[in-house]
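Fit chain W to the known structure of chain H by using the hints.
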Amino acid sequence: MSLEQCTVCARHETLYQELDAFIEKNRHRPGALIEVLHKAQSLFGFLPAEVQAFIAKQLGIPESTVFGVVTFYHYFTMKPRGQNQVKVCLGTACYVKGADRVLERLKEELKVGIEEVTQDGRFSIHEVRCLGACSMAPVVLIGEKDFFGRVTPDEVPKILKKYRG
Amino acid sequence: MQINAFIDGKPYSFDRPMTVLEACKEAGREIPTICYHPSVKSIGACRICVVEVEGFRNLQAACTLPLSDGMKIKTQSPRITSSRKMNIELLLSRHPNVCMTCESNGNCKLQALAYEYGIEEPAYGVQLRGLEPDDSSLFIYRDLNKCIQCQLCVRVCDEVENMSIYSMAYRGYESLPEPPFGLPLGSSQCVSCGQCASICPVGAIVEKPSMGKARWWELKAVKTTCPYCGVGCQLDMYYHPKTNEIIKVMPSEENPEVNDGIATCVKGKFGFEFANHPDRLKKPLIRRDGKFVEVEWEEALDYTADRLKEMLRKYGPEGIGLLGSAKCTNEENYILQKFSRAVFKTNNVDHCARLCHASTVAGLAMSFGSGAMTNNLLDIQHADVILLTGSNPPENHPVYGSRIKKTIRENGTKLIVADPRKTELVDYATIWINHKPGTDIALFSGLLHIIAAENLADETFIAERTEKWEEMKESLKGFDPKTVSEITGVPVDLLYKAARLYAEAENAAIIYAMGITQHACGTHNVISLANLAMATGNLGRPGVGVNPLRGQNNVQGACDVGALPNVYSGYQRVGDPAMKKKFEEFWGVTGLPTNIGLPVTEMIGHPNIKAMFVMGENPAVSDPDSEHVEKSLAALEFFADTDIFITESNVYADVILPAASTFEKDGTFTNTERRVQRIRKVIEPIGESKPDWWIVQELSKRMGYEMNYQSAEDIMNEIRRCTPSYAGMAYHRMEKIGLQWPCRSDEDPGTSILHTQKFAHPDGKGKFTPMTYNDPPETPDAEYPFYLSTGRILYHYHTGTMTRRVKAIHEKEPEVKIEINPTDASSLGVKTDDLVRLTSRRGSIEGKVLVTERSVPGLVFVPFHFAEARANTLTGNFLDPIAKIPSFKVSAVKIEKIDHKTAEV
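Line by line, the protein sequences give chains H and W. The opening position of the first sequence corresponds to residue 3 in this note's numbering, with each subsequent residue numbered one higher. The opening position of the second sequence corresponds to residue 495 in this note's numbering, with each subsequent residue numbered one higher.
If we strip away everything but chain H, and leave its shape as in the complex, we get (with noise of 0.2 Å):
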């Protein structure tokens, strides 16, 4: 995705100027470059093409090295997420539990599939593995922190309600 279709990045010039202040604190550090695309990432919300170059030009490394390190890491990611992430559980007891009739419930209420962003940025869906709380399944984790536990379809539109502002 380049910048012109990034409106996150668009919306958030400023932004470089935090990472690079944010870079030149930790370029000598060894190992920069983890630090580097966690914050990145924390700032732009993911990690576009453009702000792997950036970020390889600021450190003088090459851009496919960033690539490389980007791609081998499950948590960066160079897709735009939204501002809240509806995480499913997929494991086997909330799948059993009826887990993908949630996701199929989420997917119809937010017109987006799997890893995609809705229209006005607020959401995105992920599928997950399991988060440790089979005896609550099936569960939803928004964010980092709200969780839901014996999620059935129908109350899927109420838990998203909270998030609509």
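FYI, nobody ran anything at the bench for these hints, they're computed from the structure. Treat the hints loosely; a few may be bogus.
[Claimed, not checked] Taking lysine to aspartate or glutamate and the EDC-like style, the derived pairs with C-alpha atoms no more than 20 Å apart in a straight line are:
1. H:LYS59 - W:GLU1347
2. W:LYS1259 - W:ASP974
3. H:LYS59 - W:GLU918
4. W:LYS991 - W:ASP974
5. H:LYS113 - H:GLU129
6. H:LYS59 - W:ASP921
7. H:LYS81 - W:GLU668
8. H:LYS59 - W:GLU653
9. W:LYS839 - W:GLU804
10. W:LYS808 - W:GLU790
11. W:LYS1195 - W:ASP1208
12. W:LYS566 - W:ASP502
13. H:LYS59 - W:GLU904
This is chain W only, laid out in the frame that chain H set:
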């Protein structure tokens, strides 16, 4: 040092540290490998080279395990075989079984191992990746379905080419070598050097232009020297004996000192198609009634010899001019200058070195007594600081450019770039001095002023090895930092920084090229660099020196063997009575001329010159003020030419003799580091073309001077007898890596670094030459407000006769791009791809704009490869008074935007 080890039960001893793999190889125990290549670091990824080592529980990868004393190594055992088999089966479980249509069939390590270990179907079944091949590059085709994740492409691009285009992206089974951000290769920064295709052990990355042309086993290979730049990479040319066509080029592993055992650039790797191009001249052509007609050799040779005799009779020796060529071999240039001197009794013989490094030959000879690169291509890795000026190696000497990048990246070498253009290496520089074009003398004398003033000079070296330092210091008074800053436009503090960085380095090397030499003060530009090196003692050991990068494959050699108006081979002066006598006796002639002849820049258009014999040059595109050159060639009473194509120059000829190309003959080229290397006949000469030496010999015979060489080697043996610096250059001694001159006897190993003990002047001293600065002969003014600089780009070569006949290269760079800075572009109202007209006092050209930061504001750059938009229509024939080299790097032009309609009319 001695390391003792047992390999398969036998004792061996080794004299240096090495890996187990290397030790086994030395012991004659071949171990199979896939991910290993001697030119890159080993990573032990494929586990095919495993061996048993006593004391280690697990099998060990031989490629990464250092050999240690007392090691007991087993290279064969059931355990090793079963491990290798399993690994091959694992690789095959992801690899499509499509050998029948694969380009690499017959040259595939995986295929060979599957054959050796008898694996028909992998035990684990096959699960293919189902990827779309990447067909985006014009040069390289990538089908990663076949990738075996050995990472050789990643490593060669990073460690040798230093472009780092690939990395292993994604993880585990999905991990594949990809350009950044998953871009197709054609959209990446890839410079098409082709090394990934050369090194790929399977068919995942292959040379696109060769696809579908031949199976590997149908091809034969001959090792030769690359016909492009002065680096002189060694190449294995693969040709099809049935069709007499060159199919592909692989780097030779035999001489890593020159090309790292693997390196090529796009021209060396892909620029060979010109040889088999349908435009090749196949029969001699004689002009009759204004048209060229094909004739037989006998007729063409008789006619040419008769006309040349007639010209000599009518106008005498002074009426004839001959041009050799830096594209031709040493043997051919030697024969040509002998032909000129022994037959025509004229010293009017020259070649295109006049246009590139004549000022180097003159300047370095004045300073050091010898006009060549002082050090070698490899020892740049010992430099702590590199001063690179007027040189753009990543485009013009790409394999060496990569080496410079490598030493900066790996050894932390500091780079000072002094260049009015923001070339690629500026990104790697500690300091970029962006001085005004043509102010080099002021800049380097200014740096020397600071070095002297701050007591950074090497007084011991100066006292022991040089002369005239006091005079030099006196002359530096005029180059105080403030004055120099005013002349050059470089801030005073940057001058101080650069001077200190260069002078304080333990080992500092100067590298330069045509940005220094192609000026009306070119000789003094070169001397100003020599002064810097002498004053700081940076001469005569590894990692230092004054290193001109010669532009053509054999421009050094063509000078060495005397295709110059003032010297015989080995720079033996024509004006020296002893030399006259020596060559009269040696050649069996009398009356050799002692006056210095005309250089090419004065020969063409000189009122005395009525006839010319040109061996493979194209002055109508390469020489300054092209329109004047064309008129002069057209006005000649007789003009004979040898070439492989019809060119912009030989269209004016009376006779064109078809020459064999560099791939169709034997001989030697001398590269930029004075290394004489063999070239070998790969394919049969196209049509009835003949080597230039044969053509000259036949003409000479017909003109009454017998020449009877049976081979190029015969000629070299003659060169050796009359040229002290080439005396030891026997062909059989140059089979693998060549020899660097001076090489004075059959026992002399050659000279890698010059001036280690004393300089080449008779008294052994280096000579300082005081400098004065004058403005270039033409600078921008109100009417012509822009500086014009000319030069080459990566993909093309000189007048384009060769590279523009290579399909993929032509598609990549089909037309001229006039490089203009964004600021100037916006004030002119032009953007990339708009048409502009450039006009100088000599003429105008039209072409498309490339808006780029490479040109600084006020400077435009035009490559000189494109005959339809000849940069040299604009340049003036302002000559350096000593070397007679033209000022290609500084002219004044104006730029007008034109719309497409006007352009079409």
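Hint-by-hint comparison with the structure:
1. With a C-alpha separation of about 16 Å, the suggested pairing of H:LYS59 with W:GLU1347 holds against the 20 Å cut-off.
2. Between W:LYS1259 and W:ASP974 the CA atoms are separated by roughly 27 Å; this puts the pair beyond 20 Å, and the hint is violated.
3. With a C-alpha separation of about 14 Å, the suggested pairing of H:LYS59 with W:GLU918 holds against the 20 Å cut-off.
4. Distance restraint check for W:LYS991 and W:ASP974: the Cα-Cα separation of roughly 15 Å lies within the 20 Å cut-off, and the hinted pair is therefore satisfied.
5. For the suggested pair H:LYS113 and H:GLU129, the alpha carbons sit about 16 Å apart, so the restraint of at most 20 Å is met.
6. Taking the CA atoms of H:LYS59 and W:ASP921, the gap is near 10 Å; set against the 20 Å cutoff, the hint holds.
7. This hinted pair checks out: H:LYS81 and W:GLU668 have alpha carbons roughly 18 Å apart, not beyond 20 Å.
8. Annotation: proposed proximity of H:LYS59 to W:GLU653 holds, straight-line Cα distance about 19 Å (limit 20 Å).
9. A distance of roughly 15 Å separates the Cα atoms of W:LYS839 and W:GLU804; the hinted pair therefore holds under the 20 Å criterion.
10. Restraint check: the Cα-Cα separation between W:LYS808 and W:GLU790 comes to about 27 Å, which exceeds 20 Å; the hinted pair is violated.
11. Proximity of W:LYS1195 to W:ASP1208 is assessed by CA-CA distance (about 17 Å); at most 20 Å being required, the pair is judged to hold.
12. Between W:LYS566 and W:ASP502 the alpha-carbon distance is near 8 Å, which keeps this suggested pair within the 20 Å criterion.
13. In summary, the hint linking H:LYS59 to W:GLU904 is supported, as the alpha carbons are separated by about 18 Å, within the 20 Å threshold.
Violated hints, listed in ascending order, are 2, 10; each of the other numbered hints is respected by the structure.
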